[in-house]
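Please take these sequences and the hints and turn them into a complete structure.
Quick note, the sequences are listed as chains A and B, same order.
Every number in the numbering used here is 162 more than the matching position in the first sequence, counting from 1.
Every number in the numbering used here is 2 more than the matching position in the second sequence, counting from 1.
In case anyone wonders, no lab produced these hints; they're calculated from the structure.
Careful: at least some of the hints might be erroneous.
To be verified - Covered stretches of chain B, going by a simulated chain A footprint (3 or more residues, C-beta under 8 Å):
no.: 1; stretch: 7 to 17
no.: 2; stretch: 24 to 30
What the hints assert, rightly or not - Below, a sample of chain A positions facing chain B; criterion: calculated Cβ distance under 7 Å:
no.: 3; residue: E270
no.: 4; residue: E271
no.: 5; residue: A289
no.: 6; residue: Y290
no.: 7; residue: L482
Computed from a predicted model, the values in this text were never measured in an experiment.
For glycine and all other residues, C-beta sits at the position ideal for the given N, C-alpha and C.
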Amino acid sequence: MIAKSLHVGAGGRSALAGPPREDQPAIRVAGLRKSYDGVVQALDGLDLEVRRGELLAVLGPNGAGKTTLVEILEGHREADAGEVRVLGFDPSRREREFRARIGIVLQEEGLDPALTVREAIELYSAAYPDPRPAGEVAELVGLGDRGNARVQTLSGGQRRRLDLALGIAGDPELLFLDEPTTGFDPAARRQSWELIARLRALGKTILLTTHYMDEAQQLADRVVVIAHGRVIAQGSPDTLGRRTGEAAVVAFRLPDGVDISDVPVPAGADLEPLERRLSFRTATPTRELLPLLAWAAARDVELEGLTVSRPSLEDIYLQLTEEPA
Amino acid sequence: MILRARSDLSLLGRWVAARVRLTLRNPRALMFTFVFPLILMAVFNGLNSGGTVAAMGDAGGKVAFAQFYTPSIGIFGLASACYTGVVLGIASARDTGLLKRVRGTPLPLPIYLGAWVIGAALTGIVAVVLLFVVAVPAFGVHVYGRMLPAAVVTLALGAATLAALGLAVASLVRTAEQAVPVAQLTFLPLSFISGVFFPLEGAPDWVVHVAHTFPLFHIVNAFDACFAPQTAGGGWSVHDLAGIALWGAIGLAVAARRLHAEPDPHDRRPLRAWALR
Chain A
163 MIAKSLHVGA GGRSALAGPP REDQPAIRVA GLRKSYDGVV QALDGLDLEV RRGELLAVLG
223 PNGAGKTTLV EILEGHREAD AGEVRVLGFD PSRREREFRA RIGIVLQEEG LDPALTVREA
283 IELYSAAYPD PRPAGEVAEL VGLGDRGNAR VQTLSGGQRR RLDLALGIAG DPELLFLDEP
343 TTGFDPAARR QSWELIARLR ALGKTILLTT HYMDEAQQLA DRVVVIAHGR VIAQGSPDTL
403 GRRTGEAAVV AFRLPDGVDI SDVPVPAGAD LEPLERRLSF RTATPTRELL PLLAWAAARD
463 VELEGLTVSR PSLEDIYLQL TEEPA
Chain B
3 MILRARSDLS LLGRWVAARV RLTLRNPRAL MFTFVFPLIL MAVFNGLNSG GTVAAMGDAG
63 GKVAFAQFYT PSIGIFGLAS ACYTGVVLGI ASARDTGLLK RVRGTPLPLP IYLGAWVIGA
123 ALTGIVAVVL LFVVAVPAFG VHVYGRMLPA AVVTLALGAA TLAALGLAVA SLVRTAEQAV
183 PVAQLTFLPL SFISGVFFPL EGAPDWVVHV AHTFPLFHIV NAFDACFAPQ TAGGGWSVHD
243 LAGIALWGAI GLAVAARRLH AEPDPHDRRP LRAWALR
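Written out as structure tokens, the structure reads:
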């Protein structure tokens, strides 16, 4: 009720603003630039679109511009140039109704150590138009039995889960998660993944930055890799590899007494001399394997340790971010 | 808009309650605001029982030691809560990223900071009341009904001014580490020359002049006057109250300029830069 009257009452917003329609992206960024002190170019013409209800993982090495990007989207920083629309708002104006519709989970945000978990959730969600009940939120993040515990008594992992609780307590439609599971033990990580997946299933749009490739692989609908202030690759975790043109690695042990020139493998195959491990990258492993297998069968040679492996997101990420800009 | 004003008021109330609760859970704050003034008051009133000192306020003459010392130490507690407490609290809230968290929610920063100021003022006033609750039966301190309204107004205005100055200083210091010496070096020397620990009788003229420049002296002078029986009428020290109000206005102006509360949607940079360091 209040939220609705606020939309009408807030003057001075551009015609683009307002509640996002289903067909409007949750986040749209074009030509985003930001430099610090005119020297460090943190963002250098970045374009990005996040659909409503999508879970997007932003990957990138330290200093790639991830944090700057996220802080601009949250309204904590202002871009030098470019267009930014988040839920139809210009985040740099930091309108209250904009902040009421996003949730932010940053790293290293302070919290009064003497508050209890329940008090913190109630207090920090009080300004949202329609917050979730504190008990329910605590339960959701697995702190249901710690409601009366003071913040200062929580373990590191519990503290991060409380941060997550505070981010979702206002029931926002767009959630920013900055490395939400850094420092978690494996069980807590699984639990957080389940929670994030559940939030996504509720139709929330989630922008997640992470260093963990398995996290992106597990959770994300789409992955964006950022380096040098630009998007250098994007796609679903599974299809991202195709952009590199090297979908698979074929490897096996070269039989003794056989020279590499005798084997029908594509040019550029690599022989590791000690183990005699021969490998090549190919976008069409089926086609490349046919002559190889025929060759082996004709000679009754066993290709020891034959594997066809898709590069993991991690392989692709490392390869992408190592390349000079 | 009316709906929002009402919900903002309840939001403010909620945060003030939380601030008071947090202060009561903070051992350092409890020590300096409640326990330390009580000990000082009990020890010195006990040591000097039966003695008299020059009265603060404009009426001149002498008063029983406890009539001077109890209200003076009360102002010491008030300043600990409203000035030192606000400077340290807000500087550390900014340092630990608490303000950044607040700025990521729809809670307006002025409501958050307002809760700090009101919470500190309430805590400080309760500390003064507690002091009198002990001192009246224990040391025979007299509270004069005719001057009680002036005492209450002085206390409230003093609390507001000290908190406004605390907010201003917090907005000027760069780190929480810096805040500790800045708060102590501004507060302690002033408390010595403002009649908090002993009357200024016999002090060199220049010290008195310096003391008169600052608000703490005026708060002590106006408040103590309300407990000196020779003070005439309702005990209203108009020029002291004017001095306190002037300092309060300066504090608010500096704080508002530095913190730039939200009226203009196009320019919140100073507030942003300050909250994010």
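Comparing the hints with the structure gives:
1. 7 to 17: Since three or more residues must qualify, the claim that chain A covers the stretch 7 to 17 of chain B holds, with 4 doing so at under 8 Å.
2. 24 to 30: Since 3 is at least three, the answer is holds.
3. E270: Holds - the Cβ of E270/A comes within 7 Å of chain B, reaching about 5 Å at its closest.
4. E271: holds (4 Å)
5. A289: holds (4 Å)
6. Y290: Constraint on Y290/A satisfied, holds at 6 Å.
7. L482: violated (31 Å)
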